[in-house]
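Protein chains in written order, with this note's numbering: chain Z, 1 to 363; chain H, 1 to 483.
Here are the simulated DSSO-like pairs of lysine-lysine, each with C-alpha atoms no more than 30 angstroms apart in a straight line:
(1) Z:K209 - H:K135
(2) H:K300 - Z:K281
(3) H:K385 - Z:K209
Calculated directly from the structure, the hints in this document are not laboratory data.
Single-letter residue listing:
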Amino acid sequence: MDEHVRISHFRNHYELTRKNYMVKNLKRFRKQLEREAGKLEAAKCDFFPKTFELPSEYHLFVEEFRKNPGITWIMKPVARSQGKGIFLFRRLKDIMDWRKDTRNSDDQKDDIPVENYVAQRYIENPYLIGGRKFDLRVYVLVMSYIPLRAWLYRDGFARFSNTRFTLNSIDDQYVHLTNVAVQKTSPDYHPKKGSKWMLQRFRQYLASKHGPQAVETLFRDMDNIFIKSLQSVQKVIISDKHCFELYGYDILIDQDLKPWLLEVNASPSLTASSQEDYELKTCLLEDTLHVVDMEARLTGREKRVGGFDLMWNDGPVSRDEGPPDLSGMGNFVTNTHLGCVNDRKKQLRQLFCSLQVQKKASN
Amino acid sequence: MLQEESDLSLIIAQIVQKLKGSNLYSQLERQAWASLQRPEIKLESLKEDIKEFFKISGWEKKLQNAVYSELSVFPLPSHPAAPPEHLKEPLVYMRKAQGSWEKRILKSLNSMCTELSIPLARKRPVGEQKELLNKWNEMGTDEPDLSLFRPVYAPKDFLEVLINLRNPNYENGDSLSFRTHLGLIQVPLKVKDIPELKECFVELGLNTGQLGIDDSTQVPPELFENEHVRIGQKVLAEQDSAAAQQYIRQGSPTALRAELWALILNISSEPEDVLYYEQLKTNVIQHDLLVDSLIYKDVKLTASNDDYYFVFEDYLYQVLLCFSRDTSVLSHFAYNSASPPKSYIRGKLGLEEYAVFYPPNGVIPFHGFSMYVAPLCFLYHEPSKLYQIFREMYVRFFFRLHSISSHPSGIVSLCLLFETLLQTYLPQLFYHLREIGAQPLRISFKWMVRAFSGYLATDQLLLLWDRILGYNSLEILAGDAQK
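Same shape as in the complex, but just chain Z (with noise of 0.2 angstroms):
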């Protein structure tokens, strides 16, 4: 392949961004943690709802699900996007039927692919604004896997459902599924609306209902889920220079402000429900590209690029100027600014204009 060729996506991100692999991984990855570096930094990764993947862990799934009895599960197809082919249970007998199906497989020819699955718990509890259930939307962009570089983009929006939340009728899909795709077909659904909020505003509702401490808490959280998820598949993606890729985070916060990590896409819509929504992924698209530097204007020492900024290299990335603290004490801030104020074009213009003065000063 030529030296400036760039693909969008790696190789096989389907170990990160399909669910029944991506928490095969993620086990794997608490496991080492904990032999490594004891139970409380494994318990940073707990953001992932206890998740089975079925039809091969069905015995271990039953055992969890007769421990809590009355819960409700989420059934979810493990490569399908959109929303299609979810649905809520709280029965085995619901999904016995189901069971029958995939069980007569072995008579089936290799080649006819079974549709896997995976049964993961249902989070019950779920911040509700205005008495609608959300979830957030938030972007990553990987420029390689070995080293991890990864930066996060400081916009983002919060999808809301259009119809009020309650555990009553777990039939109504409308309710529980948040996927603007969904929304989409419910009666409810304006689309003028858009039912989407950007992460300031989320931001600034929390921040005034809950005081910004609280706020800190939950991004700093939110920051762990990437890290951690992006490390639990690094050894396992195949690494290539040309590629990088850009993810999309869904992650659901809790009444206690815990977030939950739901999914990774490798393929986030593009398309703009709304005007806001257009200027959001224009611009997104816009300084994904810049980061991807095909006309090699950076340094490559750059921790800020127009909305994204550097959250990940090789190591944590402080806010603050100067070497890193690594006494593991002190104030160490890390670099993100999620939903925070996007001054993206001030920025560009100004890293541009310095990057063109240090070109002309070197030449």
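Got chain Z; can you put chain H on it based on the hints?
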């Protein structure tokens, strides 16, 4: 000197009269009785000891806040012989204009009522009551057929009325001079000019720190922000209304805003307040008003379609439906140039004994009314508190934005202030807009009527409303529109 003294005693008498009926009075009485048990209260110096006790326990502060609140809201009595209409609005031609505008609105409402043959009010059948009670927290999911309803009026209708306001005693001659006012408002009201505004709004000067400007990412927080937040926390700890009002002129930190506004508006959520709100809710459940459909329509048309506020749709119904039944709002008509519309029990037209105010709170909502409540949903999540805050904001400020009066914070003065500022300081822009047929007021009117709700991003809007509370005046809206 004597005149001032008698004025002061008149004010004091009035305030005492008002506070006597309030909850605070009975609480203070109870506290005073309870304090007799305390060891430090001695019979010989009873009065001083109780006063001292009040000071220490914070009750004196509460009384101070209540008095301050009364002073801020009620205008000072002028001449003792002045009739009550003068308190509402001293200028006759303004009163007349307001009166005829009200007649028009009421006529419009009544004709809609007859056209659709829907009664102004009816009692709900029990089944419907139960249903509504169940759905109370999610009224937004209801999709009643509102296609036949239209808003009673929109801001632009109101603007037409204001444009045609004329003072019959004023003749400004036909000759054009540099003093001719080029704008739409043609009444000679006194408005402040820039030097006066500078004096009045001294805390907004360039040399004083402001939240919203001096807390941006480029400015290190040590310069202004940290100190400002610390002072804010201190003000809240002291629970001093007047100090809070002074403090908030420089903007309020996000985390402290909800409490600061409650302190300035003197809202404390006592069980009685929650009970009162619950009573209003019961009222809503039992009776259906025509105005309710207007409210529904307005919320669906404006707030539900807004990118920021669609989430709070349910809260808006919970507040506005109760608001229209709240008869305590009627007391603000003592100083509002408007008067509550009256309706007569069927068949008894004209007989005063059968007159009722309709809607019960006397306020007919117009297109965009729900936007007064929407930004408050960001700060308050408990329905009865949200309700109290909104009601207080309405009877202190918002009512002036849709009634015709000569008050400096009234919409007429605001429009005139806006046009004057624009004409004086940006004459080329003003002239150009006129040439292309876009009178600047036509553009900025709707911003001012809604106090910029829906036109400014919420964080900026809340900073603007901080200043309205801080200066107890709406003049800042005109200044903002001019920018």
